[in-house]
Each structure stands twice: as structure tokens, then as C-alpha cells.
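Take the sequence shown: its letter number 76 is residue 68 in the numbering used here, and every next letter is one higher.
It is possible that some hints are incorrect.
As the list claims (entries may be wrong) - List time: in silico BS3-like cross-link candidates among lysine-lysine, alpha-carbon distance up to 27 Å:
#1 Lys96 - Lys106
#2 Lys107 - Lys78
#3 Lys44 - Lys89
#4 Lys96 - Lys112
#5 Lys106 - Lys78
#6 Lys106 - Lys89
#7 Lys112 - Lys89
#8 Lys64 - Lys89
To be verified - Okay, the calculated beta carbon distance ranges per label pair:
#9 Glu(-2) - Met85: 50 to 60 Å
#10 Val20 - Glu110: 41 to 51 Å
#11 Leu47 - Ile95: 16 to 26 Å
#12 Leu92 - Cys18: 23 to 33 Å
#13 Leu111 - Glu88: 22 to 32 Å
#14 Ala35 - Ile100: 34 to 44 Å
#15 Leu92 - Leu31: 28 to 38 Å
#16 Glu77 - Asp2: 51 to 61 Å
#17 Ala42 - Ile95: 26 to 36 Å
No lab work stands behind these hints, which were simulated from the structure alone.
Please read these numbers as outputs of a predicted model, since none were measured by experiment.
Using N, Cα and C, we set each Cβ at its ideal position, and we do this for glycine too.
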Amino acid sequence: MESDSEEDEDLIKKIEIKNKIACRDCIVYCYNVLKTYNLHTMAYSSLFMAYKFILTLSCTQVKGETTFSKLKYVFNRLRNTLSQEKLDTFLLMNVEKDILLNIKNDDIINLITKKSDELKNILLY
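Using the sequences and the accompanying hints, generate a full structural model.
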């Protein structure tokens, strides 16, 4: 009986070691190493940016198609009344709606009031 449990433990250790070795080849691991050891500041800044860019890419085509359909929706609703900067902002807000819904209105108001005295007077009174 003890030999069975020892064999199971050995098998578990082998699997854990195999997973750790495999993980060292993944992009997330490389990115975290560069960031953890602060190698992204001087020595490997271009490599760090490349990993960061790769990690922000969509893994599937669905996310890209969703983004384009959201862009079409926002653009059709607001037409040419927006500048490119505002259009980008509204698109980002629409695509990342789940993040936006988790932000409290009071937090947004506080951030805006720190940047402009005029808006502070309007929003806080």
C-alpha cells in the first residue's frame, strides 16, 4: 500500500516538474521574468514591449469581430460629430463595458474635479 502512495507522489512530482519546464517556454512566463527582475527598463525594453504587445493581441477572431461591430455601432450612432480621440474613447468604453460598469460614479467625479476647477464647481454643487 505504501508503495502505491509513493508511486502516486512520484508521478505527481514528475507532472509538476514537467509543467514548470513547459511554462518556462510560454510568453506570460517570459514577460513576468522581465518585469519581476526589472529587466524591462534598460536592457530588454524592446523585448519587453514585444511581449506586452503579443499579450494584448486577441487570441481568437471573435474579439476582433466584436470590436469592429462595436465600432460600427458607435460610429453609426454618433456619425461625424466626434473627433478621432473621442471616438476612440467611446469605442474603448463600449468594448470594455464590464470594466466600466465596475467603476463608481463618485470615483469618476473625483478624478475629474482634480483636473479642472470649473468642472469641480459644476459637479460638486
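Here is what the structure says about each hint:
| no. | hint | verdict |
| --- | --- | --- |
| 1 | Lys96 - Lys106 | 16 Å, holds |
| 2 | Lys107 - Lys78 | 18 Å, holds |
| 3 | Lys44 - Lys89 | 22 Å, holds |
| 4 | Lys96 - Lys112 | 17 Å, holds |
| 5 | Lys106 - Lys78 | 21 Å, holds |
| 6 | Lys106 - Lys89 | 24 Å, holds |
| 7 | Lys112 - Lys89 | 26 Å, holds |
| 8 | Lys64 - Lys89 | 16 Å, holds |
| 9 | Glu(-2) - Met85: 50 to 60 Å | 57 Å, holds |
| 10 | Val20 - Glu110: 41 to 51 Å | 44 Å, holds |
| 11 | Leu47 - Ile95: 16 to 26 Å | 23 Å, holds |
| 12 | Leu92 - Cys18: 23 to 33 Å | 30 Å, holds |
| 13 | Leu111 - Glu88: 22 to 32 Å | 24 Å, holds |
| 14 | Ala35 - Ile100: 34 to 44 Å | 38 Å, holds |
| 15 | Leu92 - Leu31: 28 to 38 Å | 33 Å, holds |
| 16 | Glu77 - Asp2: 51 to 61 Å | 59 Å, holds |
| 17 | Ala42 - Ile95: 26 to 36 Å | 30 Å, holds |
Comparing the model with each numbered hint stated earlier shows that all of them hold.
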